[in-house]
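> Listed below are the residues making up each chain.
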Amino acid sequence: MPSAFKKALDSGKFVVTSEVAPSKGTNLEKMAHHVELLKDKVDAMNVTDHQSSVMRFPSLGGALLVKEKGGEPILQMTCRDRNRLALQADLMFAASRGINNVLCLTGDSVMLGDHKEAKAVFDLDSSQLVAAVRTMERGKDMAGNDLDGAVKFCAGAIVTPEANPIEPQLIKFEKKIEAGAEFIQTQAVYDIDNFKKFMDYARQFDVKILAGIILLTSAGMARFMNKNVAGVMVPQNLIDEMAAAPKGGALKKGIEITGRMIAQIKDEKLCDGVHIMAIGKEEVVPDIMSAAGLI
Amino acid sequence: MIRSITQQKPTEEIERLLKGMDRIFVIGCGTCTTLTRTGGVEQVAAMAESLSAKGKVITGTTVVPVACDNLASDILSEFGARMNQADVLLVMSCAYGVQTLGSQLGQMVVPAQNTLFIGKENAAGQFNEICTQCGTCVIGETGGICPVTACHKGLVNGPCGGTNNGKCEIDSNKDCVWTLIYKRLKELDRLDSMRSYKKPRNHLGEPSPGKFLIPEN
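Those protein sequence lines, which keep their order, are chains A and B.
Using the working numbering, read the first sequence as starting at 1 and increasing by one per residue.
Using the working numbering, read the second sequence as starting at 1 and increasing by one per residue.
Only chain B is shown next, with the shape it has when bound in the complex (with noise of 0.2 Å):
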């Protein structure tokens, strides 16, 4: 399962967001933010603390079930009152979240999130971002491990000298994925495969904005 990864901003700048905005209504999320404890409804229920503490008025609080989904109507017909009592929306979801409900209820939005990467949960409550959906996948020639995205500097074409014991040179907590990809390609005896010199990468996958439409028949 993916999830959007999500970090609380620091204090002083949800403040400073919501600086001159005095009435607030606060949105959690029951799918990501909900699993990473970043926006489910204990941090939801403490922020509004924090915020009341601080003189703020919390104009009302919820946990929508998934907030990058299309739920306006629903949330509207049961919050809409409370919500338009509200200078702003602070939103506890990742940013999918927040732009989805901005655009959908016509209301200042502001994160309380910064949304780090999407990651695979690989243990309970660990999360590694191993795709960045580039667009243009190099995996089949590096045993089905992304060095674009575990990489560090996205190198293609094995280690950089920063490498040490297996680890990251940002980070002695990271793996090198070129140690990773090296021992996964050893393994499958296809290290031929990482001999092989990678052209200069493609950039052009998809120009950002990504957009994409189902062709019709």
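Same shape as in the complex, but just chain A (with noise of 0.2 Å):
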């Protein structure tokens, strides 16, 4: 049986995904309330896994809360804290609880977050991780291994359409559709132009691909990004126009901005949805779908 997002994603619409984060402790209520806010609005969440290598919540945990409360969720695993006997276990576990959409992440050095002193892990990459999915939905483990009751799951992965060089990037992208993903969410997009000659070259493979949308909340974070976020372009006029925003208006001009270039994707069919992250502002995500004249 086809999880709910997947039969959003055959169904030809344009689908709408947006993130959840989990806790930094044992209160969910704020995640609670987000899920709350956006279950009926968008077509899943994703539940990050340790975003930034800083240590949270865990990505199941957060998906099973999604599942309870009557939401679509996409469980992030990323291969940094895991080797393949824990990643497949908690495929079982998900795949056991109904949570049957799984986007594979290498992930982020340990380096980055607030546990720097870790052991990283990095058994598998996300190519692989995704062909242990495929391999798990056989009734096999990765080590041949007859399984008692196979997994069932619709299985992304990412692209950073404007990583530079671009080139080993989209072999590694390949890589990941012949593993078996079936969809593919991308890094943030500011430059259409940049990215329709990407999915000039997507288009050729059988993946459903959705935009990745960053909203912008004042001009200094797309210069942030811009210094700091790799594969991540914010461009010169975009940024000018966050900057000429009224003061206390950034947000509401990054809104209006994230809208017109959802509205502009979703018109000019360049792909098959988007993913809004609103890292940290995902009370305005509805706002943003408003924006877009999506609801």
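Please keep in mind that the hints were generated in silico from the structure rather than gathered at the bench.
Keep in mind that a hint or two might mislead.
Unchecked claim - Using 30 Å as the maximum straight-line C-alpha spacing, the simulated DSBU-like pairs for lysine-lysine come out as follows:
#1 Lys196/A x Lys227/A
#2 Lys196/A x Lys186/B
#3 Lys227/A x Lys281/A
#4 Lys167/B x Lys227/A
#5 Lys119/A x Lys198/B
#6 Lys198/B x Lys208/A
#7 Lys119/A x Lys9/B
#8 Lys196/A x Lys167/B
#9 Lys211/B x Lys198/B
#10 Lys119/A x Lys174/B
#11 Lys7/A x Lys41/A
To be verified - Below, a sample of chain A positions facing chain B; criterion: calculated Cβ distance under 10 Å:
#12 Cys79
#13 Arg84
#14 Asp108
#15 Ser109
#16 Met111
#17 Asp123
#18 Ser126
#19 Gln128
#20 Ala132
#21 Ile158
#22 Ala163
#23 Phe173
#24 Lys176
#25 Glu178
#26 Ala179
Even for Gly, the Cβ is constructed at its ideal location relative to N, Cα and C.
With the hints in hand, could you dock these two chains into one complex?
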């Protein structure tokens, strides 16, 4: 039985996913509030896995919460903290509890987070994790042993369309698809012309592409990302537009820009949907969707 | 030439390790730590001076030619008496030397260095880690460049999303090895080698701790 998210991807509709971040601690109220706010508006919600290598409530627990609240979770799984035994175990646990969407990621370096001295794992990489999901769907574990009960997932991965150089990134992208990725959520795209070029190439593959959209909250934030976030490039005209926003109006301007970009992607049918990342501002995702004419 | 690359431990850590041991014999190494200027004649002299200034008694110092070689009898015949007067041997070689000296000389040893990696000198004074002796060499498929070592995450299927302008997400001074591998394979017209999916690595090359016996004929 395909997941609700898989059905949405196959329906041909413009798919919208968003993100919820598990808490630092056991108080899940804020996350639960975001789930309630978004569950009937988006097709699925990614639950991040120790995002930026900062230790948090687990993505698996967060995905269960989404499920309990009646939302559709996409379980983010990185290869940073678990070896192949632990990853397979968590995939089985997720599948047994009705979590049937997974986003396979390599994961950030432990050094970027808040437990810098921890041992990093990276036993598998993102493409190998996708392949492992497919192996387990056939009722086998990675060592070739029979499973008493297989898993079933709509499995995806990511790509960075603005990476420099782009060619090694695209080779990896193709390997993820070859390994069995059904959907791809991209790193943030701001330069729509550049994204069109990427889509001209990506269209040849049998995979659904959701364009990553990060909400701009200030001109400073855009400059910060350009300087510090790999594969993110906010063009100068958008930075200028943010900078020209009246005092106290930057967030409103960011919502307007984000909405406008999503509307363009949808109207021009550039790809199959969008993945909205409102990092810390999940409250305004409905406003973004409204600005994009989606609700 | 490969070298054992070391870095002196923080002073506070050395002081903590030497706590309660007031009489110290300092040993440097004439090979790797001399070349990297972490445990040669000058550094041994500076260490002895600094410890003396903190009230420690230096019973003697020496720089042995190769600390990881079996030279115990030579060292003991020359310095045995002064070593015996010491509570501890502070060794300014890499960990290979510290362990060799510790097992041969029968005295308490304390390393003054952290051993960082086995490095290849690529330019004067510049060393890079290019092999971690994993036991399951993959470089036949990567243009002779090791991603297990030179990728921070040891990835074998291509770069992660953190690579930026050909550099690594953890340090913009470190190359993204997958950019280097891509360029090398492209030059060699062997990009197919990068395109082929690599299965999860076999981590069972030689189960740690490694041990090898030359087989008898």
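> State for each hint whether it applies.
Each hint tested on the structure:
no.	hint	verdict
1	Lys196/A x Lys227/A	24 Å, holds
2	Lys196/A x Lys186/B	26 Å, holds
3	Lys227/A x Lys281/A	21 Å, holds
4	Lys167/B x Lys227/A	13 Å, holds
5	Lys119/A x Lys198/B	24 Å, holds
6	Lys198/B x Lys208/A	24 Å, holds
7	Lys119/A x Lys9/B	20 Å, holds
8	Lys196/A x Lys167/B	26 Å, holds
9	Lys211/B x Lys198/B	28 Å, holds
10	Lys119/A x Lys174/B	20 Å, holds
11	Lys7/A x Lys41/A	16 Å, holds
12	Cys79	8 Å, holds
13	Arg84	6 Å, holds
14	Asp108	6 Å, holds
15	Ser109	5 Å, holds
16	Met111	5 Å, holds
17	Asp123	7 Å, holds
18	Ser126	8 Å, holds
19	Gln128	5 Å, holds
20	Ala132	8 Å, holds
21	Ile158	6 Å, holds
22	Ala163	7 Å, holds
23	Phe173	9 Å, holds
24	Lys176	9 Å, holds
25	Glu178	6 Å, holds
26	Ala179	6 Å, holds
In summary, the structure agrees with every hint in the numbered list given earlier.
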